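The chain contents come next:
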Amino acid sequence: MREMARTVTRIFLLAAALLAAHAHAQLQIVITQGVDNPVQIAIVPFEWTGFGVLEDNVTDIINANLRNSGEFAPIAEANMLSTPHEQSEVFLRDWRFLGADYLLVGKITETGGGAMQVQYEFFDVLREQRLMGEVLGGSRTQLRDVAHNISDKIFEQVTGVRGAFATKLLYVTSQRVNADLTNYQLNMSDADGGRSQVLLTSQEPIMSPSWSPDGTRIAYSSFESSRPRIYIQELSSGARRQMTDFPGINSSPVFSPDGTKLAMVLSKDGNPDIYVMDLRTNDLRRITNHFAIDTEPSWTPDGKSLIFTSERGGNSRPQIYQVDLDTGWVERLTFQGTYNSKGLMLPDGVNLLMVHRDNTYDEYHLAIQNIDRGTIRILTETSLDESPSIAPNASMVIYASKAGNRGILNAVSIDGRVKFRLPANQGDVREPAWSPFFD
Amino acid sequence: MQTQNVFKVGMAVLLTLTLAACASSDTEDMGDADTGMTSSSSTSGGSASSSGVDTNGGLSAAQVRERDNALAMTVFYFEFDRSDLSAEARAALVHHANYLKENPSRRYRLEGHADERGTREYNLALGERRAQAVERYLQVQGVSSNQLETISYGEENSVDPGTTEAAYARNRRVEIH
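The listed protein sequences correspond, in order, to chains W and P.
Our numbering puts the first sequence at residues 1 to 439.
Our numbering puts the second sequence at residues 1 to 177.
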């Protein structure tokens, strides 16, 4: 019987692994709001010389990336008067006539043994200038990376801000099977939702995924042992290490900017407090010590302080605080609104992103508070907004909200001008975490 | 490539069907045997009521009924952002406390939950506080602390995915397992 049970368990794990490869939530970007005067860009379909049909269409991926950033309006292919693939074939006046500000042309060539060569050239139509050109190499399966890479370069060339298309997202999905069974998955995808992969499957909740600053490891809290415990998982090998095994809450792991420490929440001493674990020694240091709830730690960009949520101010109303790790000095940062939580300091060290509920409405939205001036700007208007995560170029925030009875992901630019949704084809999606740059 | 995918999906479906057939006879292997993770959220037929009470200790029929009703109550609800127990919950927990004192080998796992408004980690803390409120009440009644364990799921395991006040109220709860 016991043997039978073990075999069944093994079959189950196998089935789970097989199912995981097929039945998982795929995200797709749907833009809901772009800038008023987007940059007109002509992206000529790249010429393809090689065997068969390419699975990833480089031109389409660049097109979607730039359009979904909200900053660009790609010109329809049907309107193009010619289809040049290199400088010698380009007549910039044709493109000025179409109203294009910029032009991208290129070609993809199979060079043998599955290797590919992608050549692109980028032009400023109005100034009649070739701005850049490059020849990139890679395998057939790396074409998507090449497309993201080219998108990043164009975005930076035009906006002056480094592109974040060649980055990744972590997110958690849950799918209720019946009253007694819900399947949880931790997933990773490209920033545009493409190439999603399952990193962890469980029948118990998975919470609070976050990235190491070099993008090689992730940390999260998993209830797989029937209690919440913190794990670190290496992305390349999938190898995991359980970091905590304390009574009560073990949650909210966040790597320090230098990657040597992990901030976390533990309630082993009676109620939730903030702790920092040194990842070289596993030594644990208690940072807050208060009978109120202290939770949701995040590091300031300089790594010298932690931002956290606490209801020490009373009335069961969480507010955001900052603690200096050297001196232990705690300062309250938010005073407006009846609920401020999950604070994240933007790289400028002045603007605090948070989940905010104002005095009048029972609504939770993302807001940015200028710490120096105290002014608050509401960023979102979706429903039950939470779990914000900032893109590594600090241009966009990805977050979770509710649409109908389902959890979905959304993104909004820091300036509020661009908004898009990332609906999934199935299940509830939540807790997005935007990766750092990978170089 | 294509056939391989079809094969994989086919295998997965087959295995799922096999599992569905086995599921009724085999218990989940989830580690701790005593926690059992039944996650039944209804108020009827919790494990507490079915294990039987061996002595009626001179109680009247009405008192026995009151006690059994109280023991059948294994889910306790809370106001928004609050963790104080209702009078009804306290009355029922007195009977649970007596039951635990009479059955020292029985352990309760108290699972705290929050509604989905606000942030997830903060709600995890709220769920813990609710579970601890039940734990403390049972301890005050004389229950040994090693018969009790608290765990919070925050807003993770909702019983109602709705966004109405009534749905939120159903999700703000502590379940005895």
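By construction, these hints were calculated from the structure, which means they are not laboratory data.
Remember, it's a predicted structure, so these values are computed and weren't measured experimentally.
Each residue gets a CB set at the ideal place from its N, CA and C atoms; glycine is no exception.
Mixed in with the good hints, there may be bad ones.
[What the hints assert, rightly or not] Computed footprint of chain P on chain W, listed as stretches where at least three residues anywhere in the stretch have a Cβ under 8 Å from a Cβ of chain P: (1) 46-56; (2) 147-155; (3) 318-332; (4) 335-342; (5) 379-392; (6) 410-422.
* Asked: the region 335-342 of chain W covered by chain P? Criterion: 3 or more residues, Cβ-Cβ distance below 8 Å.
  -> Holds, because 3 residues of the region 335-342 of chain W bring their Cβ atoms closer than 8 Å to Cβ atoms of chain P.
* Checking C-beta pairs, does the region 318-332 of chain W have three or more residues closer than 8 Å to chain P? -> Coverage by chain P is violated for the region 318-332 of chain W (1 residues, Cβ < 8 Å).
* To do: Closer than 8 Å, Cβ to Cβ, for at least three residues: run that test on the region 410-422 of chain W against chain P and report holds or violated.
  => violated (count 0)
* **Verdict on chain P covering the region 379-392 of chain W, criterion of 3 CB contacts below 8 Å** => holds (count 4)
* Can the region 46-56 of chain W be counted as covered by chain P under the rule of three residues or more with Cβ-Cβ separation shorter than 8 Å? -> violated (count 0)
* Report holds or violated for chain P covering the region 147-155 of chain W, Cβ cut-off 8 Å, minimum 3 residues. => It is violated, with 0 qualifying residues against the three required.
Of the numbered hints given earlier, the model fails hints 1, 2, 3 and 6; all others are met.
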